[in-house]
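So the sequence lines, in the order shown, correspond to chains P and F.
Residue numbering for the first sequence is 748 to 1239, as defined by the numbering used here.
Residue numbering for the second sequence is 965 to 1298, as defined by the numbering used here.
Be a bit skeptical, because a hint or two may be false.
[Stated by the list, open to error] Simulated pairs of lysine to any residue, SDA-like, Cα-Cα distance not exceeding 25 Å:
#1 P/LYS1117 x P/ASN1139
#2 P/LYS992 x F/GLU1058
#3 P/LYS992 x P/PRO1216
#4 P/LYS992 x F/ASP1017
#5 P/LYS992 x F/LYS1167
#6 P/LYS992 x F/ASP1076
#7 P/LYS992 x P/GLY1201
#8 P/LYS992 x F/GLY1088
#9 P/LYS1238 x P/ALA1206
#10 P/LYS992 x F/ALA1062
#11 P/LYS992 x F/MET1074
#12 P/LYS992 x P/ASN1139
#13 P/LYS1117 x F/ASP1017
#14 F/LYS1167 x F/ALA1062
[What the hints assert, rightly or not] Output of the computed footprint for chain P on chain F, the stretches with three or more beta carbons under 8 Å from beta carbons of chain P:
#15 1105–1115
#16 1163–1170
#17 1189–1201
#18 1206–1215
#19 1218–1229
Don't read these hints as lab results, they were simulated from the structure.
Cβ coordinates follow ideal geometry from the N, Cα and C atoms, glycine included.
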Amino acid sequence: MYVKDDLVISIVFFIVRRRPRRTYVTQLYLNRLLAAAGQRSTKRNEVPLPNSLGQATASTRTPFLTPNLRKQHGSTARKVMLNAANQYHGGGLIELKLRTWWIRQKSLRPRDYRMTITGSEFTAMTPTGPLPWRIRHDPMCLLPSLVPIQIAGTSAAATLDRRLLVQLYQAMVLGRRFNLQAGALARQGRLAVYPSTTGQEATEIAAALALRRQDWLFPTYRDTLAVVIRGVDPVEALTLLRGDKHNGYDPRQHRIAPLCTPLATHLPHAVGLAQAARLCGDDVVALAMVGDGATNEGDFHEALNFAAVWRAPIVFLVQNNGYAISIPVTEQSAAPSLAHKGIGYGMPGILVDGNDVLAVYSVLADAIAKARGEGGPLLVEAVTYRVEAHTNADDATRYRRDEEVERWRRHDPIAVLAAQLADLGMLDDSLRDTAVSNAEEFAADLRRRIDRIGPVDPADMFRHVYTEPTTQLSEQLALVRAELAMEEDDKR
Amino acid sequence: MTARSNTMATALNCALRDALRMDPSVHILGEDVGALGGVFRITNGLAAEFGDDRCMDTAPAEAGILGTAIGMAMYGLRPVVEMQFDAFAHPAFEQLVAHVTRMRNRTSGMLDLPITIRVPYGGGIGAVEHHSDSSEGYYAHTPGLHVVTPGTVADAYGLLRAAIASDDPVVIMEPKRLYWHAEDWTPAAPELVEPIGRAVLRKTGSWATLITYGPSLPVCLRAAEAAAEYGWDVAVVDLRTLVPFDDATVCAAVRETGRGIVVHESAGFAGVGAEVAARVTERCFYRLEAPVLRVSGFDIPYPPPFLERYYLPSVDRVLDALERLQSEPYADDA
């Protein structure tokens, strides 16, 4: 739908300015102007705005390029469009945005996260003089692209390191096998529950591998795969879901926070940790993973706000897998995309294809490098799909159609990567067989060891409530011990 | 106010200053704690002396403040969080209950959170809605948390230093109407730190024991003085720490007299007083001469300032309770 309009705009621009169209702003707002001129249909949700006379008819609007205007004001595109904008809207908001575009073109400033707006163009004049306020910085460079960033299937894929591609492929195959195995263990009752990331392996693996050794990962309850790929023993990683303990690995040793069950509550933790590392002078970046559902929680908002105000070295990765249990994203938020939420905090939003592991990895690596410098936090939205139900206990047929799931299965992340590898001539039998055999061995080892839980001691309930148990806890432990002793006696 | 007397606000300020000086991992965060020095001036001068990084102003977002403090503690810092008023701490309650109280337990001791949360609480200052609540009951009921509440200037210094030094998360409930209460106290040697978990007998007695804490302590001390005119020799126990509860001191004090009354400002139903009464009754039943009574706020939302004095437990109400200890048991008791 956009291709024809893009072509029209590009041609118009080329004629008017004699160089290619460059900015996102131009695309967005020229679309609106062309709509005003009646040259294309308005988008589904767009309400046609009245012109300055309050009349919302196409016939009162000036066509985009008016020869008279060009003659009067010279051939500068700005003045033409400002005139059209005034007729369309009476000035104000659109004029501000066009001014922004014009100044960017004029100065050819590089895209910079914190661009200071100086000069009189952004001063609001009132009858009593200039208003002592101006917008703080350029909002446009914080907006994400309209189309998710992709690398697989583009020429950029060939520029990546081949060893990285092989590593990613092997990790993806292993990740899929892990997901299927853990799901099977849950159905057999050997895990209490398993919320799977089948179909989301690209994002999980990219998140784990893009981090450096000293960085911290903050996973949600669904991100067991990312924890495993980061290097934690799968049996330890699955401890929470198995049910003998709340957490099975040492967070400080692996630099991975415990899997977080409540939504978004770990995001402020990640911000605090990143800020603490910055205060201590350490080079540490935090990667906080969060689902689409959790972006509605208050803690998401507060965490992003704190991160942006403090310019903490943190990257927020929103895995938009389409559903919060049964609620689709369209019913959770009215934002154009979840990546667009970043601009509200003064943080860049980046939209990436979550089923393209090359794209997610590159975007995350870049984001981590930016956050590490003085660039501040970033919000990355990876668009993907939760192929299985919320957990093994959920019935997804109650809220979504099989056709939708099939549509997404065609964009399976492993298939996407495999197609790209085949394109590069890298997908041979040896690579495939090695990956599959590694994965099978991994799954077999998991099956063997998952049930080997040592004796679970009820005294553990009291051991780590405080540094030292209180007298009351010691009394209660004595009660439990007495009960256990009676059970033993009864057995004999 | 003599030359050697200082207010509780000064004592808390000294405690924070000494903690910041002695331990470089201590960081204070909260709303208006930096340049303003806190709405009650408890953090006065700290940002100027130690820098904006050690005493940092945050946006008004309590869940975010406590949540980021958790992250800092995970990295190894020792954050001291200020909740501006008791009732404004509620947005942070999820972070408190879901994570502060559970992180040690969840990780089998591998991750501890040595966080201190300072909460000004209690009424009696003529403030509007939401500025006079007493929510210590919620914190006391949540396992994994230590709850302390000073009633004197010396304890304010000692307990805050102990709370910051403790490796467990501690909520320190600061009685705001005692902030400007002056006593004979000067900043002690830095090593002097009150132990957490120890109640103290403020006044000895032989006829009845008042068990109280925080802003109700001066009320009970005045009531004990007034009770002497009626011929009642009343002891006063200052709990100082709600969790972990000092069963030994409290029960010894009640066994001594055989009569106990718990006095606190917060609503009575399911409050701290109910727990104290239950514990004392369980342990001292056969030495009691009368049921353990409670004098507390009513089970209503905290009233507007004009009606405050009808709500707060007063000296008269404590004396009435002491009188009830004398009488026969209620005729219609079940």
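P/LYS992 paired with F/LYS1167 [C-alpha distance capped at 25 Å]: violated, 47 Å
Hint consistency between P/LYS992 and F/ALA1062 [alpha-carbon to alpha-carbon, up to 25 Å]: Cα-Cα ~16 Å, so holds.
Holds or violated: P/LYS992 to P/GLY1201, with C-alpha atoms at most 25 Å apart: holds, 11 Å
Chain P covers the region 1105–1115 of chain F, three or more CB atoms within 8 Å, holds or violated: holds (count 3)
Holds or violated: P/LYS1117 to F/ASP1017, with C-alpha atoms at most 25 Å apart: holds, 23 Å
Coverage criterion applied to the region 1218–1229 of chain F (partner chain P; beta-carbon cut 8 Å; 3 residues): The restraint on the region 1218–1229 of chain F is violated, since only 0 of its residues have a Cβ under 8 Å from chain P and three are required.
Hint consistency between P/LYS992 and P/PRO1216 [alpha-carbon to alpha-carbon, up to 25 Å]: Judged against 25 Å, a Cα distance of about 19 Å means the pair holds.
Pair hint outcome, P/LYS992 versus F/MET1074 [Cα-Cα no greater than 25 Å]: holds, 13 Å
Residues of the region 1163–1170 of chain F with Cβ under 8 Å from chain P, three needed, outcome: violated (count 0)
Assertion that chain P covers the region 1206–1215 of chain F - criterion: three or more residues, beta-carbon distance below 8 Å: holds (count 5)
P/LYS992 paired with F/GLY1088 [C-alpha distance capped at 25 Å]: Since the Cα atoms of P/LYS992 and F/GLY1088 sit roughly 46 Å apart, the hinted pair is violated (cutoff 25 Å).
Proposed proximity, P/ASN1139 with P/LYS992 (alpha carbon, max 25 Å): Measuring from Cα to Cα gives roughly 20 Å; hence the hint holds.
Checked against the numbered hints given earlier, this structure breaks hints 1, 4, 5, 8, 14, 16, 17, 19; the rest are met.
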